[in-house]
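S.K.: Listed below are the residues making up each chain.
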Amino acid sequence: MSLEQYKDRNVGEQNYYMVDIEDYPTTGWGKFTRVVKRTFSGELFVGLWVVLREMIKFDIHTVSYPQEKLPIGPRYRAVHKLLRLWESGYERCIGCGLCEKICISDCIRMDTKIDENSRKEVTEYTINFGRCIFCGYCAEVCPELAIVHGGRYENASEQRAHFVLKDDMLTPMDLLTQQQEYPGFGAVIPGTDKSVKKTPLAY
Amino acid sequence: MDTALLVETVIKIVVILLVFSALAGFGTYFERKVLAFMQRRLGPMNVGPYGLLQIAADGIKLFTKEDIIPAGVVPLIFKIAPVITAATAFMAAAAIPFLPSFTIFGYEVHPIVADINIGILYVMGMMAVGLYGPLLGGLASNNKYSLISTARAVAVFISYEVVSGLAILAPLMMVGSLSLLDINDYQAGGITHWIAFSQPVAFILFWIAAFAETGRTPFHLIANDHELIDGFGTEYSGMRWGLFFIGEYANMFFISFVMAIMFLGGYGDGSVAGAFALLGKVAFFFFFFLWTRAAWPDVRPDQLMWLTWKVLMPLAVINVVITGFVLMF
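Chains A and B, in that order, are what the protein sequence lines are.
The numbering used here numbers the first residue of the first sequence as 1 and each following residue consecutively.
The numbering used here numbers the first residue of the second sequence as 1001 and each following residue consecutively.
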């Protein structure tokens, strides 16, 4: 196999064409003919037809947002969620503190204690969303897939403290069956096959 | 002057004022909807069914907003300027016949406030006086964008008054009267009698000039958003700005009426069908104002001057001369 096709650094479809631009007229007669040609070429009516055609087709692209929402990718990093174990419904978090340690904006705080079964129990878990930059390190470092990012991007609220407490983030027990696994940062966005192109780096 | 005529005239004035103030509001709604559809959007949708009450919401907002007079302006002129724009726009409507005369409760009504024998001259003159709104408002605003806008407004208006005046001269020579009623009756014979067919050059020229008169998009230099913020309206707020707006939209409607009556036969023989035909023609011209705004780019001021003085004015003069020769021989 030759390397010919890989040396072409244009990644997309190879259907460019050069635009044919005439030289600017220098003589008075040249300017006059250009004006006449442009005046009677009907380009203005092409413009009128294009917008009228769109109006007649009525192919509206508006998403009326509060009623309709566009799907977001599985790798989107919005407000965090704390997940539960599927079988027992117990919290996945083991209180290891790695997320607290890795957080580069220093916004995660957790309190733990040793409970009566000698297990580590998380008593308090808060994320200060005034500081959080949604980098995703906490979700990446978590060994138990306990803290993940959700798709809840509507963060307007009356108080800064909303969304941040453990009770806000933890999956409620009665909704355990609707809990969804976070596909994670390696997850493939739907429709990726169409947008992936040949890698031009096979030297 | 007898009392009946006085009462009738006052009623007509009030009706025209109310109808066209409301139409100016609806004009903004149509403009937003048409532009939205042409750009694959929906436009106002949330206030009322299909956003129809958006007009009321905008009106309430304009009426209740604080009337700010900035420091450094010339207060009296600053306050008067928007009134001039709105008032002259409505004064121009006095000589326009909006419908054929009809009979109601046995009383014959002529839907024209004043059938003066210099009708079209009065209408064009009043619309030209409307220039003083942008001129005084921009000069008094103490704002460099307003000042540039004023300079442009004067240049554009002078240029296009020449073209529109010379353009309608040729049809007026054929009709032999300045009254819009006489111009309408001249074309009462049907579609073949329309002046648009006997004077196509004048029609096109006047149409082009109408875009400059109303400051609509291909010649939207006076308040060009991306260059001059809102031009002469930059420092205005609340209802004073709203008066500029009402004046602009009322002007669009009135110039549409003038074009329909001058060139496209008006209401024809005065039947009900003719009345609806007139309203249809006006609606087409108004729609065309919105249509071009979605489709065409703006020209530069120097391009506009070039077009006016070097192309349109000579064409208008040649048109007048040829019409004169044809009428003479």
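One should not assume that every hint holds.
If you anchor each label on the Cβ, the simulated ranges turn out as follows [said to hold, decoys possible]: (1) A:D20 <-> B:V1015: 57 to 65 Å; (2) A:E154 <-> B:A1114: 38 to 46 Å; (3) A:Y65 <-> B:D1225: 21 to 29 Å; (4) B:R1040 <-> A:P190: 38 to 46 Å; (5) A:G130 <-> B:D1225: 35 to 43 Å; (6) A:L52 <-> B:S1271: 28 to 36 Å; (7) B:K1061 <-> A:G28: 48 to 56 Å; (8) B:G1190 <-> A:I56: 42 to 50 Å.
Hints in this document: simulated from the structure, not taken from any laboratory.
C-beta atoms are modelled at their ideal positions from N, C-alpha and C, and glycine is treated no differently.
S.K.: If a hint holds in the structure, say so; if it does not, say that too.
M.R.: To see whether the hints hold, each was checked on the structure:
1. Restraint check, A:D20 to B:V1015: a C-beta distance of roughly 58 Å satisfies the suggested window 57 to 65 Å.
2. At roughly 60 Å, the beta carbons of A:E154 and B:A1114 sit outside the given window of 38 to 46 Å.
3. Between A:Y65 and B:D1225 the beta carbons are some 25 Å apart, a value that agrees with the proposed interval 21 to 29 Å.
4. Against the hinted window of 38 to 46 Å, the Cβ-Cβ separation of B:R1040 and A:P190 comes to about 24 Å, which falls outside the hint.
5. Range check, A:G130 to B:D1225: Cβ separation about 36 Å, and the 35 to 43 Å hint holds.
6. A C-beta distance of roughly 31 Å is found between A:L52 and B:S1271, which places it inside the suggested range of 28 to 36 Å.
7. Distance hint check for B:K1061 and A:G28: the Cβ-Cβ separation is about 54 Å, which falls inside the suggested range of 48 to 56 Å.
8. Between B:G1190 and A:I56 the C-beta distance comes to about 30 Å, which lies outside the given range of 42 to 50 Å.
Violated hints, listed in ascending order, are 2, 4 and 8; each of the other numbered hints is respected by the structure.
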